[in-house]
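Colleague: Modelling step: build the complete structure from the supplied sequences, incorporating the hints.
Line by line, the protein sequences are chains C and R.
Residues 1 to 113, numbered by the working numbering, are exactly what the first sequence covers, in order.
Residues 114 to 226, numbered by the working numbering, are exactly what the second sequence covers, in order.
In case anyone wonders, no lab produced these hints; they're calculated from the structure.
Just so you know, not all the hints are guaranteed correct.
Straight-line alpha carbon distances no greater than 16 angstroms define the calculated EDC-like cross-link-like pairs of lysine to aspartate or glutamate that follow [unchecked claim]:
no.: 1; chain 1: C; residue 1: K100; chain 2: R; residue 2: E172
no.: 2; chain 1: C; residue 1: K1; chain 2: R; residue 2: E213
no.: 3; chain 1: R; residue 1: K184; chain 2: R; residue 2: E172
no.: 4; chain 1: C; residue 1: K100; chain 2: R; residue 2: E213
no.: 5; chain 1: C; residue 1: K42; chain 2: R; residue 2: D151
no.: 6; chain 1: C; residue 1: K42; chain 2: C; residue 2: D84
Simulated restraints, written as ranges between beta carbons of each label pair [claimed, not checked]:
no.: 7; chain 1: C; residue 1: A79; chain 2: R; residue 2: F123; range: 46 to 52 angstroms
no.: 8; chain 1: C; residue 1: D67; chain 2: R; residue 2: M154; range: 25 to 31 angstroms
no.: 9; chain 1: R; residue 1: T133; chain 2: C; residue 2: S12; range: 36 to 42 angstroms
no.: 10; chain 1: C; residue 1: N22; chain 2: R; residue 2: Q130; range: 41 to 47 angstroms
no.: 11; chain 1: R; residue 1: G176; chain 2: C; residue 2: A29; range: 47 to 53 angstroms
no.: 12; chain 1: R; residue 1: K184; chain 2: C; residue 2: N22; range: 37 to 43 angstroms
no.: 13; chain 1: C; residue 1: N18; chain 2: R; residue 2: V125; range: 41 to 47 angstroms
no.: 14; chain 1: R; residue 1: E192; chain 2: C; residue 2: K100; range: 31 to 37 angstroms
no.: 15; chain 1: C; residue 1: E15; chain 2: R; residue 2: E165; range: 45 to 51 angstroms
no.: 16; chain 1: C; residue 1: D27; chain 2: R; residue 2: P174; range: 21 to 27 angstroms
no.: 17; chain 1: R; residue 1: K170; chain 2: C; residue 2: E15; range: 44 to 50 angstroms
no.: 18; chain 1: C; residue 1: A29; chain 2: R; residue 2: E165; range: 29 to 35 angstroms
By construction, the Cβ of each residue, glycine as well, lies at the ideal position given by its N, Cα and C atoms.
The primary structure of each chain is shown beneath.
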Amino acid sequence: KQEVTQIPAALSVPEGENLVLNCSFTDSAIYNLQWFRQDPGKGLTSLLLIQSSQREQTSGRLNASLDKSSGRSTLYIAASQPGDSATYLCAVRGAGNNRKLIWGLGTSLAVNP
Amino acid sequence: NAGVTQTPKFRVLKTGQSMTLLCAQDMNHEYMYWYRQDPGMGLRLIHYSVGEGTTAKGEVPDGYNVSRLKKQNFLLGLESAAPSQTSVYFCASSYAGGPETQYFGPGTRLLVL
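Modeller: This is the structure in structure tokens:
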């Protein structure tokens, strides 16, 4: 059974720091992995989607990497800003016939000015 | 484009009452989903639909019913609300169920007393 774990559960950093959020999964047979952002009282916004054949994806200051064999993904945020404060969720889609999304619990990020 | 909208934003019910949550999307997406989000549990799929007139069960379907009479709308019904259904409910849609990302609504907070 696929399990997705995100560490740390919460993170507080000063503005300008580069930071890494971690996501690990137990079954390497995945179709893709996605990183989402959730702001308080709001829905989720997709940030990056990495297919199982890819190693990384970049969007602006965000870079997500995927190491399927070790069951790990990282979300790198460069030069963090207070506007980056949110909860970041990782979701893994299974391969084969089981294509459902399995979600991590998220990392709550606070970037302090 | 409004994207994915949800009605209502917040609701308080008494045990045993019924209600319907409405989700609407204007992106002509085929797939629509209902999730619930609870502290320490992550997002869990309740029901989903792969097209107009179709519905299917997700991980936690008990106590809920859904209907997809029109492509743009996906309704989630609670026939007899229970305190265990206190949660934040998110609707999402996607063009297809595979590699495409899901677009989320802002959520409905439901409190069952």
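Colleague: Hint by hint, note whether the structure agrees.
Modeller: Here is how each hint holds up against the structure:
no. : hint                                : verdict
1   : K100/C / E172/R                     : 10 angstroms, holds
2   : K1/C / E213/R                       : 23 angstroms, violated
3   : K184/R / E172/R                     : 23 angstroms, violated
4   : K100/C / E213/R                     : 12 angstroms, holds
5   : K42/C / D151/R                      : 14 angstroms, holds
6   : K42/C / D84/C                       : 14 angstroms, holds
7   : A79/C / F123/R: 46 to 52 angstroms  : 36 angstroms, violated
8   : D67/C / M154/R: 25 to 31 angstroms  : 27 angstroms, holds
9   : T133/R / S12/C: 36 to 42 angstroms  : 40 angstroms, holds
10  : N22/C / Q130/R: 41 to 47 angstroms  : 42 angstroms, holds
11  : G176/R / A29/C: 47 to 53 angstroms  : 32 angstroms, violated
12  : K184/R / N22/C: 37 to 43 angstroms  : 38 angstroms, holds
13  : N18/C / V125/R: 41 to 47 angstroms  : 43 angstroms, holds
14  : E192/R / K100/C: 31 to 37 angstroms : 25 angstroms, violated
15  : E15/C / E165/R: 45 to 51 angstroms  : 47 angstroms, holds
16  : D27/C / P174/R: 21 to 27 angstroms  : 23 angstroms, holds
17  : K170/R / E15/C: 44 to 50 angstroms  : 45 angstroms, holds
18  : A29/C / E165/R: 29 to 35 angstroms  : 32 angstroms, holds
The structure is inconsistent with the numbered hints 2, 3, 7, 11, 14, although it conforms to all the rest.
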